[in-house]
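Colleague: Below are the chains, spelled out letter by letter.
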Amino acid sequence: MSEPMPQIATPISLQARGVSKSFASGKVQSTVLHDLTLDIRAGELTLISGPSGCGKSTLLAILSGLQRPDGGQVIALGEDLGELDLRALERFRLLHTGFVFQGFNLFPALNAREQVELPLSYLGLAPAEARRRAMASLEEVGLGPRMTLRPSELSGGEKQRVAIARALAKRPDLLFADEPTSALDAANGQIVIDILHRIARNHGTTVLCVSHDPRLVGHADRVLAMEDGRILSDRVPSPTSTPASGIEEPQA
Amino acid sequence: MVALARKTLVYEWRRFLPAILAVGFSGLLQLLQAALVLGIFGSASVYITGSSADLWAGYPGTQSVNLGRSIDAGVEMRLRMDPDVTAVEPFRWVDADWRGPNDTGGVSVFVSGINARPDGMMFSRALPLDLRARLNEPDAVIVDRADLSSLGVGVGDTAVINGHRVRVVGVSSGLRALGGVNVVASLATAASLDTDPSNVNRMTYFVAKVRDPSNAPGVAERLRGNRAFGNYDVWTAEDFARRSQLYWMFDTGAGAGVLFLAGIVFLVGAVITSQTLVAAVVGSVREYATLNALGVGVGALRKVVMEQAFWVGAIGLAGSTILGGIALVFAHSRNVPVALDPLTAVACLVLGMGLAIVSGLAAMRSLHRADPATLLR
Chain A
1 MSEPMPQIAT
11 PISLQARGVS
21 KSFASGKVQS
31 TVLHDLTLDI
41 RAGELTLISG
51 PSGCGKSTLL
61 AILSGLQRPD
71 GGQVIALGED
81 LGELDLRALE
91 RFRLLHTGFV
101 FQGFNLFPAL
111 NAREQVELPL
121 SYLGLAPAEA
131 RRRAMASLEE
141 VGLGPRMTLR
151 PSELSGGEKQ
161 RVAIARALAK
171 RPDLLFADEP
181 TSALDAANGQ
191 IVIDILHRIA
201 RNHGTTVLCV
211 SHDPRLVGHA
221 DRVLAMEDGR
231 ILSDRVPSPT
241 STPASGIEEP
251 QA
Chain B
1 MVALARKTLV
11 YEWRRFLPAI
21 LAVGFSGLLQ
31 LLQAALVLGI
41 FGSASVYITG
51 SSADLWAGYP
61 GTQSVNLGRS
71 IDAGVEMRLR
81 MDPDVTAVEP
91 FRWVDADWRG
101 PNDTGGVSVF
111 VSGINARPDG
121 MMFSRALPLD
131 LRARLNEPDA
141 VIVDRADLSS
151 LGVGVGDTAV
161 INGHRVRVVG
171 VSSGLRALGG
181 VNVVASLATA
191 ASLDTDPSNV
201 NRMTYFVAKV
211 RDPSNAPGVA
221 ERLRGNRAFG
231 NYDVWTAEDF
241 ARRSQLYWMF
251 DTGAGAGVLF
261 LAGIVFLVGA
271 VITSQTLVAA
281 VVGSVREYAT
291 LNALGVGVGA
301 LRKVVMEQAF
311 WVGAIGLAGS
321 TILGGIALVF
331 AHSRNVPVAL
341 DPLTAVACLV
351 LGMGLAIVSG
361 LAAMRSLHRA
371 DPATLLR
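Just so you know, the sequences run in chain order A and B.
Under UniProt numbering, the first sequence has 135 at position 135, and the numbering climbs by one with no breaks.
Under UniProt numbering, the second sequence has 143 at position 143, and the numbering climbs by one with no breaks.
If you are wondering where the hints come from, they were derived from the structure by calculation, not from laboratory data.
Take the hints with a grain of salt, since some may be wrong.
[What the hints assert, rightly or not] Partial pick of chain A residues on the chain B-facing surface, computed with a CB cut under 8 Å:
id, residue
1, Ala-61
2, Arg-91
3, Phe-101
4, Leu-110
All residues carry an ideal CB built from backbone N, CA and C; glycine is no exception.
With these hints in hand, go ahead and build the complete structure from the sequences.
Modeller: Have a look at this one:
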């Protein structure tokens with residue numbers, strides 16, 4: 001076993017510093033994240049895996065600025081998200097982040113191209129530019145010939161690719177994906193994770209993916225295993241894609 | 001810009017149909033109600049709108065034509081002295097008791113004593129000339145076709161008004177009264193039916209024509225306030241007609257009833273419409289939340305909901321306008337008293353749009369469920 005290629009050229013784009021979060025259900029206070037510190041690099045597909053309820057989705061919500069931590073700091077692209085108010089946070093997300101969810105959340109009334117164009121129009125792009133970008137993104141995820149179809153005419157894998165194109169067309173620096181493959185069969189899951197990996201490589205995007213799907217482990221550049229609100233291991237899987245052969249890195 | 005609101009409305013029209021129907025029907029109800037009210041209470045001023053006079057002189061403060069008190073007969077001279085007045089004629093109003101030949105009991109009637117000459121101003125628009133001429137026969141009266149059965153008479157029959165024998169010489173149409181029955185007679189016949197001794201040498205109204213009808217308000221202003229012939233006031237026909245209608249509409253409580261009904265219609269429409277729009281928002285809440293996660297502001301999402309509310313209102317009201325038009329034409333053909341002026345029609349449609357907007361505002365509140373953090377679990 002050899003050390004993987006050193007990743008000197010990839011800067012750290014997303015940092016968590018002592019992040020903690022707990023929820024109250026009735027009188028019971030349950031801590032979901034315990035004082036978590038983490039650096040995530042651009043140009044990589046980072047996978048957070050773990051059993052359900054381990055806090056990985058909450059971590060994603062906090063790192064992406066959708067939720068605020070109870071304690072600690074999140075620094076994204078050099079900006080402390082805790083210092084932004086709600087409107088500034090929306091603006092930050094509009095300019096810098098893309099999301100892919102487990103459910104595809106596409107508008108039934110819009111065709112694939114319009115789904116992708118919709119957020120672009122709020123970016124202030126001219127209609128022609130928005131359309132050009134939307135078409136380019138759909139081409140990139142391999143849906144060029146299907147861009148005039150509505151969600152009801154697309155398969156699950158195609159819908160998820162539309163959702164990826166919608167996130168990609170904004171040219172985000174940060175792309176967050178929550179269980180992007182768990183509603184898909186093996187082949188489509190493979191396509192989706194390949195696309196996410198390619199986006200990280202080709203666009204230098206920070207792709208942070210949360211999943212309990214073991215098939216994804218081999219496709220990630222880095223795998224963080226989480227349990228009970230803590231990161232148990234941080235490793236770089238070998239290209240042969242069997243989870244057991246990963247190389248342990250020092251724990252974060 | 002992707003027209004999300006409109007495309008969703010078209011694609012998911014079944015979801016929005018209840019709201020469109022609710023707005024449409026409440027708009028239709030408001031329109032028809034307004035038309036009926038205006039039609040029915042418009043007949044309170046048929047004495048004015050059915051006549052060609054520009055000015056009315058009567059007792060000060062008279063709230064409605066049927067409430068007139070007598071004024072000094074000398075007022076006629078005062079009106080004639082004005083250089084802009086080209087014609088003056090008296091109009092005698094007598095509240096009377098009718099006993100028909102058949103067993104109808106006592107019927108309260110309003111006797112209108114008018115100048116029966118062909119150039120008379122009173123009821124010049126409501127009575128054809130040959131019918132007018134028949135009033136010149138002694139004790140001749142005309143009643144409305146719609147009142148024949150309640151008076152228990154036919155043309156040629158005799159009846160008794162205030163103990164005086166009269167003969168029905170013809171029937172008119174469109175002279176139905178509110179709260180009683182109209183009987184038209186000549187001034188002489190009406191005078192003989194008036195049993196109040198204090199009304200000798202006095203008249204209920206004098207009506208006048210002016211050279212240029214557009215000057216009527218100025219002439220009325222000039223003629224009022226003169227005390228030389230006792231208490232009297234002068235109004236333009238338009239003012240007096242409006243005042244009579246408003247009296248019937250509001251001082252009788254009928255208008256309050258109408259407004260109450262309009263409020264109920266608005267409320268029911270708003271409840272249905274807002275519930276439908278809320279359901280539409282909730283049905284798309286995950287998509288809205290995704291847009292918000294991608295950085296589309298809550299304000300922009302609210303705009304989408306309000307745009308949908310606007311289109312729901314516009315489509316619904318287009319429907320009510322078409323159906324309302326058909327209903328009004330049908331009502332006219334069946335002699336149902338309906339009247340709708342453009343201003344009232346627009347007010348009804350604005351009310352309908354207000355309903356849609358209020359419902360949109362209510363639906364907008366359910367956007368708070370579009371929290372993107374809820375998508376991550």
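Colleague: Each hint should be assessed against the structure and marked as holding or not.
Modeller: Each hint, compared with the structure:
no., hint, verdict
1, Ala-61, "holds, 5 Å"
2, Arg-91, "holds, 7 Å"
3, Phe-101, "holds, 5 Å"
4, Leu-110, "holds, 6 Å"
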